[in-house]
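Q: Taking the hints into account, I'd like the entire structure generated from these sequences.
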Amino acid sequence: MAMFLIRRIGHGILVLWLISVAVFALFFVAPSNVAQTLAGRQGTPETIALIKHRLGLDLPVWQQYLHFLGNAVKGDLGYDYYHQVPVTHIIGQALPITVSLALGAAVLWLALGVFNGVISATHPRSLADRGLTLFALFFYSFPSFLLGLLLLYFLYFRLTLSGFGWFPAGGYSPLAGGIGPWFQHLLLPWIALALLLAATYTRLTRGSMLDVLGEDYIRTARSKGIRESRVVVVHGLRSALTPVVTQFGIDLGQLIGGVVVTETVFSLPGLGQTAVTAINQQDLPVIIGIVLFASAAVVVANILVDIGYAVLDPRVRLH
Amino acid sequence: MTAAIEMVDVLEEPKAIEGRSPFSLALRRLRKDKVAMISLAVIVLIVLMAILAPVFAAVTGHPPNEQYRDLGLTPDGLPRGPNGTFWLGTDDLGRDVLVRIAYGARISLLVGVIATAITVVIGVVLGLAAGFLGGITDTILARLIDVVLSVPFLLVAIALVSVTGPSLTVTVLVIGCFSWASVARIVRGQVLSLREREFVEAARSLGAGDRRIMFVDVLPNVIAPVIVYTTLLIPVVIVTQATLSFLGLGLPPPTPDWGGMISESQNYYTTAWWFILFPGLALLVTTLAFNLFGDGVRDAFDPRADRT
Amino acid sequence: MNDVLLKVDDVRKEFPTHSKEVVQAVAGVSLEVHKGETLGLVGETGCGKSSLARCMAHLYDVTSGSVWFEGHEISKLSRKAMRPLRRDVQVIFQDPYGSLNPRRRVGSIIGDPFAIHNIASGNERKKKVQELMELVGLNPEHYNRFPAEFSGGQRQRIGVARALALRPKLVICDEPVSALDVSIQAQIINLLSDLQREFDLTYVFISHDLSVVRHVSDRIAVMYLGKIVELAPTSELFGQTRHPYTRALLSALPVADPDTADSRQQIILGGDIPAATNPPTGCRFHTRCPKARLDCTAEEPALEPVLDDKPDHRAACLYPLTVGEDLSTAVPDLKAS
Ligand SMILES: Nc1ncnc2c1ncn2[C@@H]1O[C@H](COP(=O)(O)OP(=O)(O)O)[C@@H](O)[C@H]1O
Ligand code: SF4
Ligand SMILES: [Mg+2]
Numbered sequence: 003m004a005m006f007l008i009r010r011i012g013h014g015i016l017v018l019w020l021i022s023v024a025v026f027a028l029f030f031v032a033p034s035n036v037a038q039t040l041a042g043r044q045g046t047p048e049t050i051a052l053i054k055h056r057l058g059l060d061l062p063v064w065q066q067y068l069h070f071l072g073n074a075v076k077g078d079l080g081y082d083y084y085h086q087v088p089v090t091h092i093i094g095q096a097l098p099i100t101v102s103l104a105l106g107a108a109v110l111w112l113a114l115g116v117f118n119g120v121i122s123a124t125h126p127r128s129l130a131d132r133g134l135t136l137f138a139l140f141f142y143s144f145p146s147f148l149l150g151l152l153l154l155y156f157l158y159f160r161l162t163l164s165g166f167g168w169f170p171a172g173g174y175s176p177l178a179g180g181i182g183p184w185f186q187h188l189l190l191p192w193i194a195l196a197l198l199l200a201a202t203y204t205r206l207t208r209g210s211m212l213d214v215l216g217e218d219y220i221r222t223a224r225s226k227g228i229r230e231s232r233v234v235v236v237h238g239l240r241s242a243l244t245p246v247v248t249q250f251g252i253d254l255g256q257l258i259g260g261v262v263v264t265e266t267v268f269s270l271p272g273l274g275q276t277a278v279t280a281i282n283q284q285d286l287p288v289i290i291g292i293v294l295f296a297s298a299a300v301v302v303a304n305i306l307v308d309i310g311y312a313v314l315d316p317r318v319r320l321h
Numbered sequence: 015m016t017a018a019i020e021m022v023d024v025l026e027e028p029k030a031i032e033g034r035s036p037f038s039l040a041l042r043r044l045r046k047d048k049v050a051m052i053s054l055a056v057i058v059l060i061v062l063m064a065i066l067a068p069v070f071a072a073v074t075g076h077p078p079n080e081q082y083r084d085l086g087l088t089p090d091g092l093p094r095g096p097n098g099t100f101w102l103g104t105d106d107l108g109r110d111v112l113v114r115i116a117y118g119a120r121i122s123l124l125v126g127v128i129a130t131a132i133t134v135v136i137g138v139v140l141g142l143a144a145g146f147l148g149g150i151t152d153t154i155l156a157r158l159i160d161v162v163l164s165v166p167f168l169l170v171a172i173a174l175v176s177v178t179g180p181s182l183t184v185t186v187l188v189i190g191c192f193s194w195a196s197v198a199r200i201v202r203g204q205v206l207s208l209r210e211r212e213f214v215e216a217a218r219s220l221g222a223g224d225r226r227i228m229f230v231d232v233l234p235n236v237i238a239p240v241i242v243y244t245t246l247l248i249p250v251v252i253v254t255q256a257t258l259s260f261l262g263l264g265l266p267p268p269t270p271d272w273g274g275m276i277s278e279s280q281n282y283y284t285t286a287w288w289f290i291l292f293p294g295l296a297l298l299v300t301t302l303a304f305n306l307f308g309d310g311v312r313d314a315f316d317p318r319a320d321r322t
Numbered sequence: 008m009n010d011v012l013l014k015v016d017d018v019r020k021e022f023p024t025h026s027k028e029v030v031q032a033v034a035g036v037s038l039e040v041h042k043g044e045t046l047g048l049v050g051e052t053g054c055g056k057s058s059l060a061r062c063m064a065h066l067y068d069v070t071s072g073s074v075w076f077e078g079h080e081i082s083k084l085s086r087k088a089m090r091p092l093r094r095d096v097q098v099i100f101q102d103p104y105g106s107l108n109p110r111r112r113v114g115s116i117i118g119d120p121f122a123i124h125n126i127a128s129g130n131e132r133k134k135k136v137q138e139l140m141e142l143v144g145l146n147p148e149h150y151n152r153f154p155a156e157f158s159g160g161q162r163q164r165i166g167v168a169r170a171l172a173l174r175p176k177l178v179i180c181d182e183p184v185s186a187l188d189v190s191i192q193a194q195i196i197n198l199l200s201d202l203q204r205e206f207d208l209t210y211v212f213i214s215h216d217l218s219v220v221r222h223v224s225d226r227i228a229v230m231y232l233g234k235i236v237e238l239a240p241t242s243e244l245f246g247q248t249r250h251p252y253t254r255a256l257l258s259a260l261p262v263a264d265p266d267t268a269d270s271r272q273q274i275i276l277g278g279d280i281p282a283a284t285n286p287p288t289g290c291r292f293h294t295r296c297p298k299a300r301l302d303c304t305a306e307e308p309a310l311e312p313v314l315d316d317k318p319d320h321r322a323a324c325l326y327p328l329t330v331g332e333d334l335s336t337a338v339p340d341l342k343a344s
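Quick mapping for you: the protein sequence lines, in order, are chains A, B and C.
Residues 3 to 321 in this note's numbering are what the first sequence spells out, letter by letter.
Residues 15 to 322 in this note's numbering are what the second sequence spells out, letter by letter.
Residues 8 to 344 in this note's numbering are what the third sequence spells out, letter by letter.
It cannot be assumed that every hint is accurate.
As the list claims (entries may be wrong) - Stretches of chain A that chain B covers, calculated by requiring three or more beta carbons in the stretch to come under 8 Å of a beta carbon on chain B: (1) 17-28; (2) 82-94; (3) 146-152; (4) 260-267; (5) 274-283.
Hints listed in this document are in silico derivations from the structure and should not be mistaken for laboratory results.
Don't be surprised by glycine CBs; every beta carbon is placed ideally from N, CA and C.
A: Okay, here's the thing in structure tokens:
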């Protein structure tokens with residue numbers, strides 16, 4: 003187990019390092035006019051040169067990279083070009099928003115997906131099964147921005163018009179400002195995200211439940227006269243959930259850098275939106291910082307999933 | 015050798031009729047799947063709409079990028095709703111929504127098909143190489159797959175497009191270069207287990223070389239999962255393209271494209287529902303049709319998943 | 008003898024495991040296969056028969072030792088250099104389901120040898136394939152079917168047809184009937200023996216079942232934990248059994264038989280087969296041998312003629328059985344004297 007962990011973590015670090023090289027190469031080799039932008043329209047060549055020097059942009063790319071890597075190892079991702087705020091600070095500001103969004107949505111999509119999956123699996127080929135599969139696929143087919151806009155239209159615009167101003171048009175209200183407003187601001191984005199992702203979980207749960215329910219020990223449990231609902235929940239669901247847990251870990255990791263659209267539609271200043279702003283401003287340290295941070299989230303989530311898998315399922319060979 | 019056991023050499027009767035391949039069996043199952051067939055019909059209709067886009071323009075008399083500032087806009091400069099001239103209304107610049115949707119189908123399908131094709135070709139070749147050749151090739155490719163799958167795809171895609179400037183080629187390349195990894199991972203996994211199968215060893219014992227074994231013996235066995243994955247990948251690619259457009263990184267205006275149209279309509283959804291509804295519907299129906307069809311393909315190729 | 012077709016000289020095959028140990032699948036085997044004979048290879052599952060077979064066909068690189076075919080060493084040849092020789096050495100595999108590609112048509116599977124060695128193509132290949140199908144008792148009209156459309160016995164016929172396509176000199180049959188129903192086993196064995204007569208084939212016939220091997224073999228090699236423990240002409244192996252392990256295998260045969268008169272007494276071996284990662288010292292059989300003595304744990308017996316045996320009857324035992332010796336009452340004695 004220790005060997006397995008060490009190798010897995012080693013791979014993770016290697017992957018992150020490769021990503022840092024690739025991302026750095028990509029953005030620093032591409033032409034950039036940040037210094038020009040910062041200097042303003044009247045910037046003389048001297049000011050531009052000075053700004054470049056101050057930002058370290060006059061050094062060869064590989065030196066900039068080594069400098070960046072040296073700091074990154076110490077947990078310092080540099081400063082943003084415009085306000086000289088530490089990138090780690092910017093990430094720290096945006097992270098709670100993205101995490102609130104992801105975790106809240108996760109509760110919803112897990113509940114929805116697993117519940118529907120169990121119903122489908124216990125009544126295969128029934129009307130309910132077909133209906134739920136169609137329901138899941140319907141929302142799965144939605145582009146996230148379209149679903150977001152639709153929710154905004156019906157649950158914000160139409161409701162507000164009819165005098166029920168339950169939901170804000172967007173924005174974020176920190177938990178510190180009370181759980182009520184926080185919840186209110188996040189509910190629509192949660193729904194939007196959960197509906198999109200629930201389909202995968204419905205399918206996974208259905209598939210593995212069908213497999214498990216066909217296995218011998220379940221038949222044995224049935225033949226012993228244990229109640230069907232107990233068979234399903236206690237014996238079936240527990241072993242059927244392994245692939246669901248795996249997928250859950252992977253999805254959560256990916257959401258850290260992947261809720262760009264939902265954040266944009268609902269004006270949530272999370273990591274995704276912050277990154278998009280930085281991209282528009284060519285604020286390289288912020289872009290690279292967030293990309294690396296999001297990649298790290300995926301890598302860590304995958305390692306956790308592997309460990310969880312090895313712990314849950316002793317048949318998995320560690321190598 | 016002395017054959018001590020005397021026994022009549024009976025020909026056992028074969029179980030099924032002439033040469034039914036696993037593939038044709040899957041097709042038969044697919045043909046019986048009503049939902050999949052309806053979805054396929056819808057897909058065919060959308061393809062027809064894309065091909066016949068110029069006919070839409072000719073019949074209505076409205077070229078896709080023509081701005082009808084008098085006829086197509088209300089006196090306050092707002093889009094006009096569906097009427098006899100503009101069947102699905104106009105957009106914020108007084109252009110015909112119907113004709114633009116028809117032309118937009120071209121972009122969605124084109125990107126969907128080309129980017130998926132690139133993805134699948136790269137993914138299959140690299141997955142095959144990694145799984146079959148093993149060793150250092152596999153080590154490098156496996157890390158590369160990890161890298162690509164760990165990167166926040168949409169963020170990097172946005173960043174890339176913002177650096178290079180939006181264009182059809184960039185969109186296709188970005189999507190293709192980031193999606194191959196999941197195909198490669200699936201193929202690699204399949205090949206790793208196929209490689210240990212006895213028929214591969216049998217081929218080797220006959221004197222077959224690596225390349226022959228890879229393409230003649232292993233490849234036919236990974237085609238089914240690849241077909242399933244491909245049909246399900248097309249709608250994902252279409253959504254990705256629309257998403258990039260929605261974020262302003264699709265095609266340079268005025269080229270009509272669904273994501274871009276939805277993005278332009280955002281400020282009008284309180285006043286001009288048709289402007290967002292119809293492009294949104296076109297996009298949704300397309301992805302839904304592909305997903306339903308893909309679901310049918312999956313069940314047809316893996317009947318186990320749908321048994322009772 | 009100068010009619011040696013295949014010679015195996017002190018071959019070892021080891022597999023690495025996930026821990027640092029290695030599995031010694033084949034632990035120093037030497038034997039010769041003569042032209043036109045059927046050499047039986049028998050031993051419990053996991054004793055290394057398949058590994059030895061694959062070393063013989065150079066499907067595995069040997070860890071040490073060498074394999075010679077018609078006087079040429081083949082065990083160190085590259086894959087490419089081995090290719091022409093593949094025509095002469097063929098393998099029939101145990102699993103008639105796993106050894107045929109499920110996604111390819113039978114005609115193309117049987118035609119593989121022609122395609123790989125550029126011997127025939129197009130209609131000529133098809134004709135040859137259909138002749139082969141007829142030869143092994145398959146309906147040539149089933150040319151375009153897929154393996155899944157055939158029964159187990161028919162699939163093994165497909166495997167036979169493929170192996171015989173290029174008229175090899177040596178065919179290594181690795182448990183060709185173990186996966187089949189008993190009635191069908193007989194059909195396949197008859198087919199193999201008919202083909203041997205017709206094409207003058209040499210067989211290495213592997214099975215974990217001594218009763219199967221016995222019917223087909225001219226000579227039999229008995230394998231235990233990666234080593235040959237006894238090698239003799241079939242009648243001598245049964246009539247003058249020298250090795251306690253061979254005797255134990257014989258005693259487990261279902262019907263008592265005049266040949267095995269002195270082994271009617273069933274001998275039940277104690278203990279499990281030791282792990283191939285950590286074989287016992289000295290004689291590998293000493294942990295289960297009823298005759299084991301203290302020196303069996305230290306000295307490794309060589310495979311050589313024992314007592315008054317002729318040179319073609321060899322056994323690896325320090326205390327070989329005499330004819331008529333009753334093994335069922337023997338008890339091991341491993342204490343120092
Ligand atoms: N490819 C392999 N990798 C690791 N161990 C193997 C491999 N093939 C066989 N072995 C091991 O070598 C031993 C002999 O196996 P095998 O030759 O298949 O025996 P048999 O054919 O007599 O059943 C067994 O312990 C088996 O587990
Ligand atoms: S050498 Fe000793 S242990 Fe081995 S078989 Fe002979 S008597 Fe038994
Ligand atoms: Mg074997």
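Q: Now look at each hint and say whether the structure bears it out.
A: Here is how each hint holds up against the structure:
Requiring three or more residues with a Cβ within less than 8 Å of a Cβ of chain B, the coverage given for the region 17-28 of chain A holds, as 7 such residues are present. Only when three residues or more bring their CB closer than 8 Å to a CB of chain B does the claim for the region 82-94 of chain A stand; here the count is 0, and the claim is violated. Counting residues of the region 146-152 of chain A whose beta-carbon sits less than 8 Å from any beta-carbon of chain B gives 5, enough to reach three: the coverage restraint holds. Coverage of the region 260-267 of chain A by chain B holds [criterion: at least 3 residues with CB-CB distance below 8 Å; count 4].
Given a C-beta distance limit of less than 8 Å, the hint that chain B covers the region 274-283 of chain A holds, as 5 residues qualify and 3 suffice.
Checked against the numbered hints above, the structure breaks only hint 2 and satisfies the rest.
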